[in-house]
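*Asks:* The residues making up each chain are set out below.
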Amino acid sequence: MEVPISTAELLTTDGVPLKQSLKKAERKNKIRAFLLVFPLLLFIIVTFVMPIGDMLLRSVDDTQINTVFPNTFSEFKKWDKEKDELPPEEVYKALFEELAYGDKIQVGRALTRMNYSKSGWKSLIKNTSRAIKKAVKKNEFPDSYKDFLISANDKWADPTFWYAMGQMVNYQTPIYYYNAIDMTYDQNQNVIRQEENRRVYVQTWIKTLKVSVYVTFFCLVLGFPVAHLLANLPLRYSNLLMIFVLLPFWTSLLVRTTAWIVMLQQQGVINGILVWLGILNDDGRLSMVYNETGTLIAMTQILLPFMILPLYSVMRVIPKSHMRAAQNLGAKPATAFWKVYLPQTIPGMSAGGLLVFVLAIGYFITPELVGGKDGKLIGSWIAYHLKTTLNWGLCAALGAILLGVMLVFYWLYNKIVGIDNIKLG
Amino acid sequence: MSKLLKVFLIASFAVASFSAKAVTVASWGGAYTESQQKAYADTYTDPSSIQFENYNGGLGEVRAQVESGSVTWDLVDALPGDAITGCDEGLFEDITTEIAELSTPGPDGESMLEDMENNGLEYHSGWDCCVPQIFWTYVVFYDPDAFPGDKPSSMADFFDVEKFPGKRGIHTWATGIVEKAMVADGVKPSAVPTVLRDQTGALDRAFAKLDTIKDHIVFWSSGAKPLELVKSGEVVMSIAYNGRVGAANLAEGENFEYIWEGQVLDQEYLCLVAGAPNRDAAIDFMMHASTPEAQAEQAKYITYGPMRASGIPIIQAGEPWGPGGVDIMPHMPNTPERLKVSIVSDPQWWSDNGAEINERYSAWMGN
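Keeping their order, the protein sequence lines are chains A and B. The opening residue of the first sequence carries number 348 in the numbering used here; numbering runs sequentially from there. The opening residue of the second sequence carries number 6 in the numbering used here; numbering runs sequentially from there.
Honestly, the hints are just simulated from the structure, not real lab data. Treat the hints with care, since some could be wrong.
[Claimed, not checked] Computed beta-carbon distance windows for the label pairs:
1. Gly228(B) to Tyr757(A): 32 to 40 Å
2. Gly171(B) to Pro521(A): 17 to 25 Å
3. Gly35(B) to Ile452(A): 52 to 60 Å
4. Thr410(A) to Pro325(B): 57 to 65 Å
This structure is a prediction, so every number in the text was calculated from the model and none was measured. For glycine and all other residues, C-beta sits at the position ideal for the given N, C-alpha and C.
Next comes chain B alone, as it looks inside the complex (with noise of 0.2 Å):
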């Protein structure tokens, strides 16, 4: 053998055994997974245990791994409606135990849990399961130079083409949509939820509202598409992940305004896989991830909010939090003034009805 392969095979065998201790964590990628590097791996004791992998979300690929027994993520980032199913159908790990003993309490020492339901969250069963992450919403925004004149501020600005002519740009399926049209035909954001839930046809109602703009839209896909609809001015303003305006706001210098009314607030987990390799760093690294401080710590990075009440006077009293010595609150989706006028997704009715919804939606869009 030369000498050349042993050295390489060595060094295979070096990386592959390295590899096999790392805690590997499935994440959305680009900006957010960076940032979740920077403020939890990177402030970890050991970042170099921490490995991110790419995945494109859903539970396919969690339920493929624990189905045939050979399970290489540690931990996965999760949206609540997955975090509940995968939690409900064991493949993520029960872990309310250690997240009741292990989890780092409020300042107030109110529990992790009580300091979630302190930002207007509800218990469901993704919670057993994972822990906090990040608030992130379907925001609507435009270019101000696109309106020289009155510029929307409202929902019921976003459905009027007649005062504000131009395509809309939605995205092609039905979550946050619902509930948005819902604001549009008059009813008041907090209430949204549960009138989806309780009120028969409340659906008819937000799908008739769709019907006044559908002739004015355009549907993207890909979280990175919206940006480019607007400022090419296919679009005179779009639904987006408020994660990627902000980004453009702050990194790229562009001057995008949002309509905070009726945005969409939807929240992401940090969940553990069952039959994790590294099951016992992996819920090491869980409760480091879902403290106060580091959860204000990913507000520097992207400008989606803490999930736990208690990471907001943190981020407020460290001000200017944001790069470059920015102000970062302005960029939040979840200041309490902001939270007045927003929508907390229902995890609990989106994975009950998503499905038939997103049928639904797309036989609206396709006719």
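Chain A extracted, bound-state conformation (with noise of 0.2 Å):
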């Protein structure tokens, strides 16, 4: 007996071909599901794509500039430095002119850009200009304007001036990069270093990561132990440990490094007691804090629960019947905890480590309150920049090589440990 196979189409109810109308249902809940995520993903845009993206434009453009000083850059490009030691004609006149007549705000601003390009610009275009500005009024103009220039001000005659605005003459600029790494330019754009006693950033970056690297690693040998004794501990008494790991958690960031620096001076509370003990010798009191030492001791504990935390509740949950099986086994106790028991911790051991590293390799409160000459690290010169030297361009490029940075650490990560084993409970 054959059973007919019906070719014609399954129908709903309401007689649309249901094919269509699952379809269509399936529409109506993912466009439901995108109006859930939505509003997250429109906070998301606009507090994180939007200014990460932007703060990448800042770090390599220079349009401002170029939109206040396009003549006497194009003039600039013409001049051959080999041939004549400064720029010729042209370029005087045309900056005597995007001077005199320019926006006195756009010029301000532009004042700031080229003063990180040399120290000096700032006090030099403003005396000029005012030289300018007068002679303009007086409707005096000069026959060679080179002279007016130099004769306003004797730097105009100093080539390093005009150097150093090669630094400037394109809308896009890789420059903010190269300080960040304490490079710059020739007076031929070629990549040179940093003159040798301005040379900041690199010994600054190698000091934030070798601080991250040691916090992690410190946060991790402190952190282990505790987080096993808490994972292990009847119920009662984890608690009230879990306390004395959360209650520094919830205190003030400010506080807890004042009390280091109370605890680790050197008239402070441990080498108060370590001479009354008669271990050290008044003279030979300890320094730890305003040195690498205290920077290091203070953030480890600051950023301890970050590492304990996640560790906690991974080995909360590891069976305790896995380490006695292993014994059972005949494995001894050191080969069980290292075959059996740790490979499960990773998740929570890589968690943590991820967590305190982002943390540790931005911080610059604690550093600069407790780290002395040794404080400063990269966090640090983004703020300086940022509020003090208006040097924004600069600030950005030291951002993205910060975000480049971590970026590179969690490629090795997932690499080595793989992302997907990350947890965090």
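Grab the two chains, each in its own frame, and use the hints to assemble them into the complex.
*Replies:* Okay, structure coming up:
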């Protein structure tokens, strides 16, 4: 007997093909799901993607100054530095005109930018502007603009200022990235190292990475036993101990930092006790704060909960029977720990490690307070340029490099441990 | 809607519309802002229309507000370098005409700007957008008990770790220190700005002098720190903001001594943010806060000196001017004889060279 196979489409009760109806319902669900996440998506775009995009753009952008001195820069590009020591008359003329008729505020903004390429631009342009405006007011236009500018300020006869101008003549520039690693341009736009006494960023990068790696390591070494203890004690004890972990976590950062200063300084609690016990003599007090030691101690303590909590939540769910089973099968305790227990904690270690490392690499308040002369990490420089010099291009470049370093570590981490292995609980 | 919620809503609207009218002044907080509140706001015709907000200095936030077009601050209490840059960049509004027309002249009819020049100041572009506040200084101080015998009295002593052993407290940025190092190296205080500006190699000289005490320095970065350092004995003497030391002496019964030689006077301004929501009210308050009387009044609450020369005689005539019937002039940084051994920091030079010198200073600290 043959079962007749209907070739007609299946229809719903209202006569629409089932496939279509299903599709419609699915699309509805998709839209609903999208609408549900839409506010969050929008939030992320506005508060995360756009600022980071803006930051990356700023790190290479040199538009503002190019809109202020377009003629000067285009004449400047024609200057043959081999042939003439100073730029040709046309450059001086264009500069004269652009300073005479330029918008005061736009010129002011350009000044801040120019001063990054060489100290002294600010007052040079300001003084010159004043002289130029005076001349224009009296309708006195010089025969030689070159002579006029040089007589207004003899720095216009100093080729190093003109060489510095070469750093700014393009709308996009990699100079901020070079500056962020102690490089700069020479007169022919070749990349060279910064003057020796100004090389400060590379050493700060190294210091920042070193501190972050050390702090992560110390947090792991100190946090692991604590988390293990917390996970294996009966609940009523472990809850009490948990409070000791969480209480400092909830305490203000500044309070904890200051407390460390009180503990560690040369006239502080620890030194006092050691001297009182006769372990140290009064002249031999240890200097444990206002140096790198202080930074490491304070940062480790402050970031420790970020290591302990993920570790704890992972360890808590590792069945105790695993260790017993391993020992039953003949493993020594150390082997059982190494081969059975430790591998199962890797998700917790990696989550904690990544958290602590990410937080540490951008830290700057604590190191500034306890670090003394070694306390300036890269975050401090970003804050300094953001607030004081207004060199936002350099800020952006430093930030972008920081982001890049993070991504490299993330990539490495993914290669070695695998990102799926991360576990917060 | 519950009744409570309604009341709450109405109240919050009332607060919002009220605060929208108030002139917002961004300042440094702490005892300094308190003294501004008492000297400027409380003596103003409508004290409740002035609201202070704390900020940490620098132009970052101002630039962010102006660039994004959502300006919430009317006035900013700014350092001279920031006043210059802010005015050049148009972050602060140029109110040259308002200042000329509305500011209170000195007792002899001198204009406000002339009054400032009488105090040893030179015009810079910050004067176009800002009105003067006070002189504050980087001064060295110590606890006399730490020195049973000879007491240090000069910059040379501060840099002499053999004669006066012990650590020194110094801040983590270059302003003020470079000048002091020059004085310790034998430059006459009043000549320091010129030497730094005009002599090649002057900076190398300052850094070479700093090298001599490098291993004896504890670096600090927040204003309260130097007092803790000296009190706890961590350092034997330290550079500090003189107002902090004055407050410790006057209010906390400390007995710190100053080394006035080589103190570096720096200026402080009140600047009008471009696009300030309450521009006219803010200008009116600026004019009030820059009268000689208001500036002298501030000395009652903090030991920072008026930037207008005519403020000083008001204090001298009013002694005891300080809290609890204390003479305040002995604590003031800009008395005539102290000015003779002081350096007036050159904001234009710092605004040209500050970034580079600070990089160099940091490189020096780190090595």
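*Asks:* Against each hint, give a clear statement of whether it holds in the structure.
*Replies:* For each hint, the structure was consulted:
no.: 1; hint: Gly228(B) to Tyr757(A): 32 to 40 Å; result: 39 Å, holds
no.: 2; hint: Gly171(B) to Pro521(A): 17 to 25 Å; result: 48 Å, violated
no.: 3; hint: Gly35(B) to Ile452(A): 52 to 60 Å; result: 33 Å, violated
no.: 4; hint: Thr410(A) to Pro325(B): 57 to 65 Å; result: 59 Å, holds
Consistency note: the structure conflicts with the earlier hints numbered 2, 3.
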